[in-house]
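Read top to bottom, the protein sequences are chains A and B. Mapping of the first sequence onto my numbering: position 136 corresponds to residue 136, and the numbering continues sequentially without gaps. Mapping of the second sequence onto my numbering: position 409 corresponds to residue 1409, and the numbering continues sequentially without gaps.
Calculated directly from the structure, the hints in this document are not laboratory data. Any given hint might turn out to be false.
Partner residues aside, some chain B positions facing chain A, computed with beta carbon under 7 Å [claimed, not checked]:
1. Leu1324
2. Trp1326
3. Pro1464
4. Met1468
Below 30 Å or equal to it, Euclidean Cα-Cα: the simulated DSSO-like pairs (lysine-lysine) are [as the list claims (entries may be wrong)]:
5. Lys68/A x Lys1295/B
6. Lys136/A x Lys1476/B
7. Lys147/A x Lys136/A
8. Lys53/A x Lys1330/B
9. Lys1335/B x Lys1475/B
10. Lys136/A x Lys1295/B
Some chain A residues judged to face chain B by a derived CB distance under 7 Å, without partners named [to be verified]:
11. Asp86
12. Ser90
13. Glu91
14. Ala92
15. Trp94
If you're wondering where the values come from, they're calculated on a predicted model, not measured in any experiment. For every residue, glycine included, the Cβ atom is placed at its ideal position computed from N, Cα and C.
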Amino acid sequence: MMPSPRFALSLTLVLVSCVLILGCSRETPESLHETDHFVAAHWPTSLADAASKMETRVVSLQTGRDEKTYAELCDIVGWIPEIAADSELSEADWIPINEASLAISNRLRNEAKQAITNLAADLQAFQDLIVRESDKLARTDRERREKATSKEMLP
Amino acid sequence: MSHMLVSALIRMAQGLAMSAPTLLVGMLVAGVFRFYMTPAQLRKFFGGESIASLPVSWLIGMLLPVCSVGVLPILHEMHRAKVRAGAMTAFALSAPLFNPLSLLYGLTLSRPIVVISFALCSLAVVTLLGSIWDLVAKKQTISGDTHNDAEIEVANRVIGTKRLLAMVVMVTRDSVGRTAALVFIALLGLGLLGAFLPYGALQNSFEMNDAMAPMKMTFLAIPIYATPMLAMSQLGMMFQHCNSPGAALALLLLGTGVNLATLAWLLGKYGIKSTVIWFVSLVGIVLVMAYAVDKPLILPGSQPAGHTHAFDGYATPLHPMAVLSWPLIKETLVKPIGIAEYAGLLGLALLAVFGLLMRLLGIHENAIGKNDTTLIAAYDRIVPGPVLAVTVLIGLVAFSGVACFAYYPHPKESLAEIAAIRSEVFSASRSGNAEQALHWLELWDDWSRRLEVATFLRTGTVRPYQQMQGFIVRKKMELLEHALEEEPMDQREVNDIMMSLLNSDVRWRDAFRLE
């Protein structure tokens, strides 16, 4: 019924080895939350920044293929829904951005070789959409601030 | 040395508490199989010798709320009844992987396709492994305490309250017998990891683009014992931190599906050669599947967080510099234990007390009503055992369904709960009470998941916008956790993150409120 001592010993040795291989590769942290979240250097700070970072990479890729720039473009396109959702954009405005991001991300992955030339129009349309939404956000924010100021000026 | 020993004991005690509710269910199901079904009926229940027996056993396993420890007493009864070896394997692996509660939770963690893929992978694993095992076991002379059908029929002959009493005696005796020994072996795996894995050692081991991640997880998961809900919450953290999907699948299939006691049980019943074939086949199949899903299941736009806390629970719980004291041990020990676990522990303790008593008094389940003729009145109707057994099993599944609605209350109730928790986090963070804030943050995270599952349960969907808002809120919660854990704590940084979190929280609540 129970395992033989030899089996138990071999199993324990295998497990301890696995554990040591996995566990001893780093120094003991001060606390469990010592490690900060990694934030990529090309992480956009806003929608406008995302549009600009996207444009820079598309232009660069049109002149010549560079794997790093291509990977960064894929990242930025994939991150845009998160950036947009973390703004005052409504759900109705967010949905087209998310759908466009998913569609372009898929094509960037699947048609990697010719993607930039094939996708130039789609990428441009996506970029325009982001710029439009970003402007809308800025306008709403300005109007809200103006309203607040005029309320303060009322006797 | 004392640190290692205490760490091991803490992890084993936590494991026992986690396993208690599902272990109780497993022992009850084993009792039902023994006393309410004949071996032939049990074999038929698991699909008999037909080709459908593997998927049928997989499906029964998916519905029953047991874990990889709770499944062992059931396996024992299946073995006694000579259920087809492949079907036993299929049931043994699938029962701990999912139950209605964890499946619902899993469906909201990432894209539903990920968890559906995982479920289908588990079906493929059990079918492949079951077929291999059928071939191996056919050549094998089954050893151990197998009984012939006629002998088992005797135990099944009693009916009415005596049958119920016999079942209770069996369960209580088992709780301090074979099952207790197997539970100890299962928990030994957790103890071993807790003793040897350094504090926070697994935070960077399973990154999305690490080709070795599925392999490392496959070997780590062998000694792991995880309940279905724990594994699901760890998968959730893995998806949140963009860890390797292959490693996540390996954790689910091996960490939740098997443990050291499964191997020990197989070894006892089938011998070393068959167990090695079974184990090597399982590891091989899991590795192939883990690598097959590793790239395709990566979410577009995933940004790896660089680390995860999902596996902190398998490494040593005590910092090597920590001074051992009873309050520290107690605080560490009870941290992951909730009401359900305390209730389960109480149930196990009661069973163990009665079990010891039965063993001391020499009362055996087979002796109850053996030479007794049950008086049957004219108005009595004898309900066949299998009808009662299936009723109990359906009752268990229905209970799981009801428990889903209780555990994931209406979104309105979840939002009210979250509002109260949020204000606690806010006031504790603003006043610099990091410990209090961290405690409430953990609850907030848990309720944020429950809100999503509750919505899915009642509307059948969680919109992408709702999922995204949940993702952002949880990401900021973790940033706040980090800021609160920093020493010395930067109050301005904490306040900034808190304000950003509150803004996201408004959008997140609106996404669920404005339905």
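Right, here's what the structure says about each hint:
Interface restraint check: Leu1324/B against chain A, minimum CB-CB distance 16 Å, threshold 7 Å, status violated. Because the closest C-beta pair between Trp1326/B and chain A is about 22 Å apart, greater than 7 Å, the hint is violated. Given hint, Pro1464/B at the interface with chain A, holds; its Cβ is 6 Å from that chain's nearest Cβ, closer than 7 Å. Hint status for Met1468/B relative to chain A: holds, with the closest Cβ pair at about 4 Å, below 7 Å.
As the CA atoms of Lys68/A and Lys1295/B are separated by approximately 19 Å, the hinted pair is consistent with the 30 Å bound. Under the criterion of a C-alpha separation no larger than 30 Å, the hint pairing Lys136/A with Lys1476/B is consistent with the structure, at around 25 Å. A threshold of 30 Å between alpha carbons decides the hint, and for Lys147/A with Lys136/A the separation of about 16 Å falls inside it, so the pair holds. The hinted pair formed by Lys53/A and Lys1330/B fails the criterion: a straight-line CA distance of about 51 Å is larger than 30 Å.
Of the pairs offered as hints, the one joining Lys1335/B and Lys1475/B holds, with about 22 Å between alpha carbons and a cut-off of 30 Å not exceeded. The suggested pairing of Lys136/A with Lys1295/B is violated, with an alpha-carbon distance near 37 Å, which exceeds 30 Å. Taking 7 Å as the C-beta cut-off, the interface hint given for Asp86/A holds, the closest approach to chain B being about 5 Å. Look at Ser90/A: its Cβ only gets to about 9 Å from chain B, farther than 7 Å, so that hint breaks.
Interface hint at Glu91/A: satisfied, since its Cβ lies 5 Å from the closest Cβ of chain B, which is below the 7 Å cut-off. Annotation: Ala92/A was flagged as interfacial toward chain B, and the flag is violated, the nearest CB pair being 9 Å apart, outside 7 Å. This hint holds: Trp94/A has a C-beta 6 Å from the nearest C-beta of chain B, less than the 7 Å allowed.
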